[in-house]
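Asks: Taking the hints into account, I'd like the entire structure generated from these sequences.
2 protein chains.
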Amino acid sequence: MASVDGRTKWVYFFGAGQTEGRADMKNLLGGKGANLAEMANLGIEVPPGFTITTEACNEFYRRGKRWPEGLEEQVKENLRKLEQAMGRRFGDPANPLLVSVRSGARVSMPGMMDTVLNLGLNDVTVQGLARQSNNERFAYDSYRRFIQMYGDVVLGVPRHLFEERLDAKKKARGVTEDPQLSAQDLRELVEEFKGIVRQQKGQAFPEDPWEQLRGAIDAVFNSWNNPRAIKYREIHHIPGDWGTAVNVQAMVFGNMGEDSGTGVAFTRNPSTGVKEFYGEILINAQGEDVVAGIRTPLPVAVLKEKMPHVYAQLEEINKRLEAAYRDMLDIEFTVQQGKLYMLQCRVGKRTAMAAVRIAVEMAQEGLIDRQTAVLRVAPEQIDQLLHPTIDPSARVEAVAKGLPASPGAAVGQLAFFADDAERMADEGKKVVLIRAETSPEDIGGMYKAQGILTSRGGMTSHAAVVARGMGKPCVVGCGALDIDEKRKIVRVNGRELREGDWITIDGSTGNVYVGQVPLVQPELSGYFATLLEWADEFRALGVRANADTPTDARTARQFGAQGIGLCRTEHMFFGEGRIIPMREMILSDTKEERERALAKLLPLQRGDFYEIFKEMLGHPVVIRLLDPPLHEFLPKEPGAVAEVAREMGVTPEVIESRSRALAEANPMLGLRGCRLGIVYPEIYEMQTRAIFEAACRVAKEGHEIEPEVMIPLVGTPGELAFLKERCQKVAEQVMAEQGVRLPYRIGTMIEVPRAALVADEIAREAQFFSFGTNDLTQMTLGFSRDDVGKYVPTYVEMGLLKADPFQTLDVEGVGQLVKMGVERGKQANPDLVVGICGEHGGDPASVWFFHEAGLDYVSCSPYRVPVARLAAAQANLSKPRAGGKARAVEAHAAD
Amino acid sequence: MASVDGRTKWVYFFGAGQTEGRADMKNLLGGKGANLAEMANLGIEVPPGFTITTEACNEFYRRGKRWPEGLEEQVKENLRKLEQAMGRRFGDPANPLLVSVRSGARVSMPGMMDTVLNLGLNDVTVQGLARQSNNERFAYDSYRRFIQMYGDVVLGVPRHLFEERLDAKKKARGVTEDPQLSAQDLRELVEEFKGIVRQQKGQAFPEDPWEQLRGAIDAVFNSWNNPRAIKYREIHHIPGDWGTAVNVQAMVFGNMGEDSGTGVAFTRNPSTGVKEFYGEILINAQGEDVVAGIRTPLPVAVLKEKMPHVYAQLEEINKRLEAAYRDMLDIEFTVQQGKLYMLQCRVGKRTAMAAVRIAVEMAQEGLIDRQTAVLRVAPEQIDQLLHPTIDPSARVEAVAKGLPASPGAAVGQLAFFADDAERMADEGKKVVLIRAETSPEDIGGMYKAQGILTSRGGMTSHAAVVARGMGKPCVVGCGALDIDEKRKIVRVNGRELREGDWITIDGSTGNVYVGQVPLVQPELSGYFATLLEWADEFRALGVRANADTPTDARTARQFGAQGIGLCRTEHMFFGEGRIIPMREMILSDTKEERERALAKLLPLQRGDFYEIFKEMLGHPVVIRLLDPPLHEFLPKEPGAVAEVAREMGVTPEVIESRSRALAEANPMLGLRGCRLGIVYPEIYEMQTRAIFEAACRVAKEGHEIEPEVMIPLVGTPGELAFLKERCQKVAEQVMAEQGVRLPYRIGTMIEVPRAALVADEIAREAQFFSFGTNDLTQMTLGFSRDDVGKYVPTYVEMGLLKADPFQTLDVEGVGQLVKMGVERGKQANPDLVVGICGEHGGDPASVWFFHEAGLDYVSCSPYRVPVARLAAAQANLSKPRAGGKARAVEAHAAD
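For the protein sequence lines, the chains are A and B, in the order given.
Just so we're aligned: 780 in UniProt numbering is position 780 of the first sequence, and the numbers increase by one with no gaps anywhere.
Just so we're aligned: 624 in UniProt numbering is position 624 of the second sequence, and the numbers increase by one with no gaps anywhere.
It should be emphasised that the hints constitute simulated quantities derived from the structure, not laboratory data.
It should be emphasised that the depicted structure is a prediction, and the values quoted were computed from it without experimental measurement.
Treat each hint with caution, since some may be false.
To be verified - Lysine-lysine pairs mimicking DSS-like chemistry, simulated, CA-CA at most 27 Å apart:
#	chain 1	residue 1	chain 2	residue 2
1	B	Lys636	A	Lys636
2	A	Lys724	B	Lys802
3	A	Lys401	B	Lys591
4	A	Lys486	B	Lys636
5	A	Lys790	B	Lys636
6	A	Lys790	B	Lys591
7	B	Lys401	A	Lys591
8	B	Lys819	A	Lys826
9	A	Lys65	A	Lys76
10	B	Lys636	B	Lys591
11	B	Lys729	A	Lys231
12	B	Lys600	A	Lys790
13	A	Lys231	B	Lys724
14	B	Lys790	A	Lys636
15	B	Lys231	A	Lys724
16	A	Lys636	B	Lys486
17	B	Lys819	A	Lys819
To be verified - Partner residues are not named here, just some residues of chain A that face chain B (Cβ under 10 Å, in silico):
#	residue
18	Asn666
19	Pro667
20	Val758
Beta carbons are placed, not taken as given, at the ideal position from N, Cα and C, and that holds for glycine.
Replies: Okay, here's the thing in C-alpha cells:
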C-alpha cells in the first residue's frame, strides 16, 4: 500500500496536469482508472477526477463496511483539487461542479454497479446549471436523470417506479418521446421523483452534494459483493479480494448543442482489421442516448466534415494511444461545445479475421514484435477462419443442441438416408444428412452432404471422425432429435420436420436451427499464412496431422502439417467398394478364409500407402495397424448381409450367426487393437506387408523413406515385443523380395492406462510412443465416448467437469498418466520420440499441456493443424522449453 | 565354497559315522544329499556314500564340461572311505562294492536324470556277487538291469532296443514275466545287451568300474542342461545356476529273500492327516519293481507281523524324523536280509484336509508353533474343503474348458432354460443349467440347479456373480459351446448333447466333462475352524464379505467375516417378484413415473437392509448405492416386456422403445454408478431413505448401529461432494422423522483409474475408500470382463499375462494405482479406512499384495472368506506390518 507522509494513500488524482497514476497500476486503480491516468499522462485531455483505490474497497470490507482511516480526508482534498482544476465548486449555487461516479475493477465486470452521472445537482445547483448552460430544460433533464439513477443505483428504489411516472407524464402531455417534454414537465417530474424516493425510503432525497457523493462511493464499494457480481466472479474465476476502485470524474456534456456530441470508436476496424478509424458518434447527445436507441448514430467519419479539428485530434490521439498500448483500442469520448474529452480507452475486442490482420500489420509497422503478434490471436478463434460460420447478426434461436463434432456451419435440406442425400445432391440440392448414427454404408451420402447431424454418438463416433476427416460440419449426439426413419420425420422440441425441410447446423457449437440461417463464408488471407509462419519459428512442439487417405494427406500438407502422426488403416476401408473384402475378412471362420479376404485387401492398402507416402515425401508417416472393434465394420442392413454372403459363398444366416458371435458387451474394451494382431496374426502381417511393399516402391523410385509402424492398444511390454518381432520378420521378408533396404521404426500407442503405468518397460521395446488420448480418456475416466451424451453435458453444466474431457484434456487426471508415460518412457529410452494423436492434439489448452509435459509433437485432424501450430507457439513463448526445440521438429527441419 | 587345506571341498561323505553334511546344506548338497546326511546325523542307518556338490556341477560347466581341479582326487578318496566303511572294494572280484548314482538338485526335478543302480558290476564282479549272494540269477539280473540303465541313461542308447530284446527272450522261452527267465537266460541277455551297446556306440560297454562311475557322474552333470530339465526350470522359475549334486551310495538289496524288502511310506496319513504310519511295502523286491507294477504292494502295517523289529525301528525313526524336520515326511527304505536302511526322506505332499489336520495336531503336540501351523496350509487348497471336487482318481478328460467362475464341481442333467431347470429339479432331477449368458429372469432356475455353465461372459458376469453368491459351481465363457436354444442342443468339440444328458462341470478349474464324473464331498472339520482361529490371531488385514441378502450375510458370518464390505443394492432386485418394480423404475420416462416405481421399491429395500443389519449386529455393513448399467435389468423376452408394460399401463411398444433409448455402446463405461445418482437423484434418495429407515428401526430396538453408505464409480471429488450432501440431507430428514440419532459414514469406491490418481482430493470428501478392483482392472487394462473370453486365455497361454487379471490382481499395473490410491488417500485424510471389495479380495496372491499395500481390510464372497483369512495371516507372518493390526480389525475387535 502506498503511503504519503505516513498516511496510506487511498486516492489518486488524474487530469489537469496533476496525474498520479499510470497504466500499469490496474491492480490498484482498476482498469478504467489506470487507463484514464495513462491518457492524461500521454497529454490527452480527459475530464479531471480522482480514483479511490481497490485497497480502499478491501479495507472497507475489513472494517465492517466503514470507510478506511483517512479516506474521507483524502476524498475531500482531491475534491478541492478538482474544484480548482475545473474552476467550479461542489454545491456552488452559481457555478456548481458536477461529477460522475463509476466503479472500475481490475477487469471489466458487467455485473457490477451502473454509473451515476450529474452528481452534485440539487434544487439550488440545478438553477446555476440552467443559468450557466442557458438551457433550463437541459438542467432539469439532467437533474431528473440524476435522481432516477441515484435512486435506482444508490438508494435501491425500484427502477420501474420512475419509468412508470415518466410514461404517465408523457401520456398526460400527449407525447411519445422524452425530448418532447418541456422544462416545466421535467421540473414537475423532479418533484414527483423525489416523492417516490421519500415514499420508498422514508426520507428525503439527499440535497447535500457531499452526502450524495458519500452515498455513491458506498454504493460502489457495496456493489462489489452484490449477488450479480459474486456470480460473475464465480463464473470467470475472479478472486473476491481484488476489490473495485471508484472513479469520481468531472462531468462533461455532449448534449450542449450541435457543437457537442459523444462517440464510441475503435482505432482500427474490429471486424476486418483494416487500419481505419472506425466507430459511431451521436451529435448533441449523452452516452445514455446511444443506449436508449432513440437516435441513430452516425459513422465517426462525419466528424471530418462537421468538426474537422476534433477529427484531426482524434486521429492524433489514436496514434498516440496505439503507440502507448501497442494494440488496437476501443475508445469513448465526448465533445462539449467543440472541446474533445476522452472518457475511456481499453484494448478492443475483435473478430478472428481482424485479430490476425491487426497482429501481422502491427508487427510490420514495428509497433510490436513477431512474438507478440503470435501471442495476440487466440487459437480458438482460428476455426472461424477455416469454416463457414453463422452470421453473428442473425437473430436466431437454436431448436436443439448436440455435441460440436466437426467445426463450421452448414445449411441444407433434410435427407434421412445416405441414398436420399446422394440423389438430392445430384439434383443440385444442398443437403444435411440426419441419422441416428452413421455407419460405413453412409459414406457416399456423407460425402455429398453439406453437413451431418446425428441423434446418437460422441465426439469420436463414426460420423464425427469421418466428418472431421472430410472437414465437413457435423453435430452428433443430439438427443433431442426423435427420428422416425420409416416415415422420414424428425420431431424436435415440439417441431416436426420432413425430408426436404431446411435446417442449419453449427458444428462449432453443436447448435441446430430450423430453417436457413445466413452464414459468413471464411476467407483465408495472406495475413493468416504470415502469422502461422511466424508461429512456426517460435514453437518447440512439432505438429503433424491425423490423415487416413491421400486426400487427407494433401490437406494436411496444405495446412502445414510436418508429417502424419496417425494414419488409421481401418478408415481406408470405410471407402466405397472397399468395405466388402474387409467384411469378408472379419467374418471369416477359418484362417484360410481370412487369408483369402486379406489377399484382396493387400493391393488396396498398398496402393493407399504408396499414395500417402508420395504426398508426404520427406516427412514422417506413422501408420497404425488395425485398431477398432471389428463389429464396427459389420453389415447391418439385410442388403449388405446378402452381398457379403454372396461374395463369400455362404448363406446370409451364416453371416448373421458369425456377426452375433463377434458381438461384444463392451466393444471398446474388447477384442481390438493389438489383441486382434495377437489372436489373428495374419491381419497385421498383411498390413505390414502392404506398408513395406509400398515403401519399397517409393524407394525404388529414388526417394528416401522411413516407414513407421504403430501398434495400437498395447498394455504390456510383452504384446509389443511379440508383435514387433512378427512385424520385423515380414519387413525383412518384403525387403529381401524387393531387393531394397529401408530404415524403419516400430512404436506403439499409449492409450490403455496400464501402458502409461509401465511406460518404462514398454519404452524398451519401442522406438516411439504416441498417446491415444481418446482411449486414454475413455478408460481413465471410465467414459464411453459413444455414450457420454447421457451425462457429460449434465456434468459440465453442474461444474463437475470443467470441460468435455474428449475436447479438452483432463489435465488433473488423464494428464497425470500422460506425464508419467513421457517421463518413464524417456528415462528408460532416451531416444524415444513421443507424440500424441488423440483429438486433443488440436485443442489449444491441451496443446499447452502437451508442450509442458515435454512431448515432441502433437498430431490432429488436418483442419486443426493451424490451431495447433499457433497454440504450440504461444505455449513455448509463454513458457519456453528447456533445451529448445523438440527432437521431432529438429529431425524434420531439414526435410 | 568350502575348502579344506586350501583345496576346494567338492565331495561330502555321509553314513558310517563319518557324515560331513547337514539338512540345511540343501543348496550345496541338493535335497537328497542333505536329507541323507541329516538322517545319518540323527543316527539313522543309511547306506553310506558321498555327495558331489552343486558347486562342482557349476564349475564343470564353467570349465567347458571338464571336471573341476581336485574333483577326481576327492571322489577317489571318498570311494576309498566307502570301501572301508562297507568292507568291500570297487571292482573286487570276490567282494565287490556296488553303488547307485543319482542326481539331486536343490528342489526335486522330475525332468532330470534317472537313477543308475548296481554300478560296479562287470563280467568279473558279477560272479563275486553271485557267490556272495549265493544267487546266480539275482546277480545276472542285477547285471542285466545295470547295463540297461547305464546304456539308456549314461550312454544314450535308445531304451526300446533293450526292451525289445528282453521281450524277444521271453517269447523265445515261452514265458510272459521277467521273473520266469532263468539265470542262463539273463546271462545271455547280458551278452546281447552288450552287443546292442557296441553296435550303437561303436565301442564296448565299459568294464572298468571307475570308468563306469566317471561316466555316470558326467551324465548327471550333463543332465542338468538337457532339454527336459531346461523346460522344467523355465516353467517352475528355477535358476539355471543352481546346478545339481551327484549322490554316489553303496547299494543295498531288497530282493535278497523273504527277510528283505523295499517300501515307500508317510509318517502320517497324507490323505486324511491322521497320525498313523501309512505306506506300502514289497517283500523281496527292489524299488524298481514297485514302479513296474508287477507285484501288488502290501500296507506297511504287515511288517508288524512279518518283521516286528523292523517295524519298531521304523516307528522310532519316524518319530525322530518328525522331531527333526517338524513336518510330515515321505520316506523310502530297504530291508536287506533283516537289516533296515533308509534311502530317502523328504517333506510329504498331502491333501488339503490332511494339511489342515497335520498342521493343527503338530502344533497341539508341540512339534511346531501356531504361526508355523498357519503357514503350513496353502490358502489355494482351502477351496477344496468347502466344495465338492472331482474325484482325483477318476480317469476323465475334459471336453472343453471355460473360466472357473465359482468353485466346486457339479454333476447334473442339462437344462437349456431356467424354467426347464426348475421343472426338472422339481421332478427330483439334478440339473446343470446351460445358457449363452444368464439374466435376472434366470434366477429361479439357477437356484434350483446344481451348477451353471455359460458360453459367454467373464469372471464377473451375471452368472458368475450370482453363482458365487449362492456358493454354486459355475463355469462361464466356455466359447467351445455352440448352443442351439431352439432345438435344445449343444455342440461341443464334435459331440452333441441334448436336454437331460448328463454333464459335469468343475468351477474350480473351468473344466467341462461329458457324463457323470464321481465327486468327493467336502467335510469341514474342527481342525479347520481351529486353524482359522489361529490365523485370525496373526493377521493385520481385516476380512469382510460381499453379501447382498440376509442369507448371504448369515453365510458370511458363519465363515468368519468381520462385517460386510460390499452390499450391492441392485442384486436385491435380481430376486423373484422384485424385478418388476425395478424395471418400472428404469423404464420411467418422467420423474413422477420414476418416483411411483421407487415408492414400490422402498419397502423392499428397507426390509432387506433391516434383515442384513440384524444379521450383522456389531459389525460394519457398507451398503453401495445403485451401480450397474440399467440395461442389465431390462426385460429381454416378450413375456417380460408385456408384464412391465401392463404394470406401468403403457403398450409393449413403449417399453421396447424406452429400452432402445437406454441401450449403450459400452455400458460398462456408460450411465451407471454415481452418474445415475447425479442424473436421476431420486434413485439414490430412495435408497438412502431405505438404509436410514432400516437403521433407525434397528436402533429403536436397542442396538448400536452405524450404517455406511458407499457411492460407486466416483472419478472426481465433485461427484462425491455433491452426492454426499444429498445423502446427508436425506439421512438427517429420516432421523428427524424417526426421532433417532445415529452415527453414519459416507465413503466411495475407487474403481475408475482417475479416482486413484486424484485419491488425495477424493479422500477429503470421504470417510472410507473401497477399491473396486474388478472395474479398476477393466479400465486400467481396457479389458471388458464380459468379453475377455476372446483373448485373455490366449494371453495367459502365450505368457503375455501371468494370470487372468480378474482372478489375480495385476500387481505391476493395477497394483500401482491401488498403492497410489492408498498412499494419497491416507496422506490427505489420516482417518480414512481403506478396503477392497473386488473379486481379488478372496485371491491369496492378491490378498498378499493388499496386505503389503497397507489396506485395512479385504472383502470377498462369503465362500472365499476362509481363504482370505488364511492368506492375510500368512502375509503378515511373512512380512509383518509396521504398526501392527489395521484399524479395521482393531475397530471391531471388541464387537
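Asks: Hint by hint, say whether it matches the structure.
Replies: Hints, verified against the model:
1. At roughly 21 Å between alpha-carbon atoms, B/Lys636 and A/Lys636 fall within 27 Å of each other, so this suggested pair holds.
2. At most 27 Å may separate the alpha-carbon atoms for a hinted pair to count; A/Lys724 and B/Lys802 meet this at roughly 20 Å.
3. Of the supplied pair hints, the one linking A/Lys401 and B/Lys591 holds, its CA atoms being roughly 22 Å apart against a limit of 27 Å.
4. In summary, the hint linking A/Lys486 to B/Lys636 is supported, as the alpha carbons are separated by about 24 Å, within the 27 Å threshold.
5. Under the criterion of a C-alpha separation no larger than 27 Å, the hint pairing A/Lys790 with B/Lys636 is consistent with the structure, at around 22 Å.
6. Only pairs whose Cα atoms come within 27 Å are accepted, and A/Lys790 paired with B/Lys591 is accepted, the gap being roughly 16 Å.
7. Restraint check: the Cα-Cα separation between B/Lys401 and A/Lys591 comes to about 22 Å, which is no more than 27 Å; the hinted pair holds.
8. Between B/Lys819 and A/Lys826 the alpha-carbon distance is near 23 Å, which keeps this suggested pair within the 27 Å criterion.
9. Only pairs whose Cα atoms come within 27 Å are accepted, and A/Lys65 paired with A/Lys76 is accepted, the gap being roughly 19 Å.
10. In summary, the hint linking B/Lys636 to B/Lys591 is supported, as the alpha carbons are separated by about 24 Å, within the 27 Å threshold.
11. Pair hint B/Lys729 plus A/Lys231 holds up; C-alpha atoms about 25 Å apart against a cutoff of 27 Å.
12. Annotation: proposed proximity of B/Lys600 to A/Lys790 holds, straight-line Cα distance about 26 Å (limit 27 Å).
13. A distance of roughly 24 Å separates the Cα atoms of A/Lys231 and B/Lys724; the hinted pair therefore holds under the 27 Å criterion.
14. For a cut-off of 27 Å, the pair hint linking B/Lys790 to A/Lys636 stands: about 22 Å separates their Cα positions.
15. Of the supplied pair hints, the one linking B/Lys231 and A/Lys724 holds, its CA atoms being roughly 25 Å apart against a limit of 27 Å.
16. Using a Cα cut-off of 27 Å, the hinted pair A/Lys636 and B/Lys486 holds, with the two alpha carbons roughly 24 Å apart.
17. For the suggested pair B/Lys819 and A/Lys819, the alpha carbons sit about 18 Å apart, so the restraint of at most 27 Å is met.
18. Nearest Cβ of chain B to the Cβ of A/Asn666: about 4 Å, under the 10 Å cut. The hint holds.
19. The restraint placing A/Pro667 at the interface with chain B holds, with a minimum CB-CB distance near 7 Å, inside the 10 Å limit.
20. Interface restraint check for A/Val758: the shortest CB-CB distance to chain B comes to about 6 Å, inside 10 Å, so the restraint holds.
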